[in-house]
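S.K.: Protein sequence lines, in the order shown, are assigned to chains A and B.
Residue numbers for the first sequence follow this note's numbering, so the first one is 18 and each next one is one higher.
Residue numbers for the second sequence follow this note's numbering, so the first one is 316 and each next one is one higher.
Please note that the accuracy of each hint is not assured.
Straight-line alpha carbon distances no greater than 25 Å define the calculated PhoX-like cross-link-like pairs of lysine-lysine that follow [as the list claims (entries may be wrong)]:
(1) B/LYS373 to A/LYS69
(2) A/LYS69 to B/LYS503
(3) B/LYS373 to B/LYS343
(4) A/LYS65 to B/LYS444
(5) B/LYS503 to A/LYS65
(6) B/LYS346 to B/LYS503
(7) A/LYS65 to B/LYS346
(8) B/LYS348 to A/LYS65
Hints listed in this document are in silico derivations from the structure and should not be mistaken for laboratory results.
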Amino acid sequence: MSNTFTETDILRYLYGETTPAENKAIAEELKKNINLRSYYDRMVETQKELEKVFEEPDPTSVNIILEYSQATHHDSLEHH
Amino acid sequence: MKFNHISDRELLQHYVQGNEACLEMLIKRHKNKVFTSIYLIVQDRYIAEDIFQETFIKVVQVMRSGKYKEEDKFVPWVMRIARNMAIDYFRKSKRNVMITGEDGEDIFARMEIAEMNREETLISNQTNKTVRQLIEMLPEEQKMVLVLRQYAGLSFKEIAAMTDVSINTALGRMRYALTNLRKLIMEKELNLQ
Numbered sequence: 018m019s020n021t022f023t024e025t026d027i028l029r030y031l032y033g034e035t036t037p038a039e040n041k042a043i044a045e046e047l048k049k050n051i052n053l054r055s056y057y058d059r060m061v062e063t064q065k066e067l068e069k070v071f072e073e074p075d076p077t078s079v080n081i082i083l084e085y086s087q088a089t090h091h092d093s094l095e096h097h
Numbered sequence: 316m317k318f319n320h321i322s323d324r325e326l327l328q329h330y331v332q333g334n335e336a337c338l339e340m341l342i343k344r345h346k347n348k349v350f351t352s353i354y355l356i357v358q359d360r361y362i363a364e365d366i367f368q369e370t371f372i373k374v375v376q377v378m379r380s381g382k383y384k385e386e387d388k389f390v391p392w393v394m395r396i397a398r399n400m401a402i403d404y405f406r407k408s409k410r411n412v413m414i415t416g417e418d419g420e421d422i423f424a425r426m427e428i429a430e431m432n433r434e435e436t437l438i439s440n441q442t443n444k445t446v447r448q449l450i451e452m453l454p455e456e457q458k459m460v461l462v463l464r465q466y467a468g469l470s471f472k473e474i475a476a477m478t479d480v481s482i483n484t485a486l487g488r489m490r491y492a493l494t495n496l497r498k499l500i501m502e503k504e505l506n507l508q
């Protein structure tokens with residue numbers, strides 16, 4: 018396998034979409050390629066910032082969905 | 316029934332067979348990633364709540380009709396519904412949205428959302444809010460890939476299929492999104508700690 022990895026390969030690596038063989042090769046490459054390592058570190062840092070964004074729906078929204086499901090479930094039973 | 320070890324596919328099967336608790340488990344399992352993604356796309360909590368509800372009501376309707384065929388890909392399917400709901404919303408709303416889409420490019424090409432004072436929001440100490448604002452500054456096609464990968468958890472392959480582009484294009488957009496986001500963070504001198 019070629020050890021010339023691109024920034025796109027690093028992205029796939031960052032998001033766990035590389036094969037075990039690629040993981041091993043990229044980890045080795047990151048030890049010796051300063052530029053690639055620098056890019057990887059910047060992306061990890063950016064990803065950590067993104068992980069701080071977290072939202073959850075209002076419980077009312079979930080209840081509305083569940084109530085709709087239960088109501089249509091009963092309806093479907095009545096029609097059978 | 317212990318739900319934690321049950322796959323989405325199995326939960327869906329049990330739900331279709333009448334076990335309502337399985338729907339609740341599915342929603343609990345995925346609600347935050349789906350809602351966060353919707354919220355980042357529409358940038359409005361109330362609209363996001365509406366689209367979230369409509370999305371899962373559509374899920375219920377499709378499941379009841381027996382038309383669901385993507386048993387192993389629940390979240391990508393839900394996100395496809397949510398994204399279409401968001402597109403419909405912008406089409407119907409008075410907001411100025413240009414949807415090209417013919418070549419799969421720039422579905423949310425331009426959204427002129429009510430004027431917001433970016434400088435004002437950027438000085439907020441709430442990192443969550445600030446990062447959301449920065450994401451909103453990204454070009455739409457980059458933002459969409461970022462949201463679908465980072466928050467909805469779709470693979471680049473799934474994103475490529477959903478947005479009708481090649482995997483390389485999806486990866487390229489993600490690369491630009493992260494690079495641009497990094498630049499925005501540096502420009503605004505945000506505290507990254």
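S.K.: Evaluate each hint against the coordinates.
M.R.: Hint check:
1. Distance restraint check for B/LYS373 and A/LYS69: the Cα-Cα separation of roughly 30 Å exceeds the 25 Å cut-off, and the hinted pair is therefore not satisfied.
2. The straight-line distance between the Cα atoms of A/LYS69 and B/LYS503 is roughly 17 Å, inside the 25 Å bound, and the hint therefore holds.
3. With a CA separation close to 17 Å, the supplied pair B/LYS373 and B/LYS343 stays within the 25 Å bound.
4. Restraint check for A/LYS65 and B/LYS444: the C-alpha separation of about 15 Å stays at or below 25 Å, so the hint holds.
5. Between the alpha carbons of B/LYS503 and A/LYS65 the distance comes to roughly 17 Å, so the proposed pair stays at or under 25 Å and holds.
6. The hinted pair formed by B/LYS346 and B/LYS503 fails the criterion: a straight-line CA distance of about 31 Å is larger than 25 Å.
7. Restraint check for A/LYS65 and B/LYS346: the C-alpha separation of about 21 Å stays at or below 25 Å, so the hint holds.
8. Of the pairs offered as hints, the one joining B/LYS348 and A/LYS65 holds, with about 16 Å between alpha carbons and a cut-off of 25 Å not exceeded.
When each numbered hint is compared with the structure, violations occur for hints 1 and 6.
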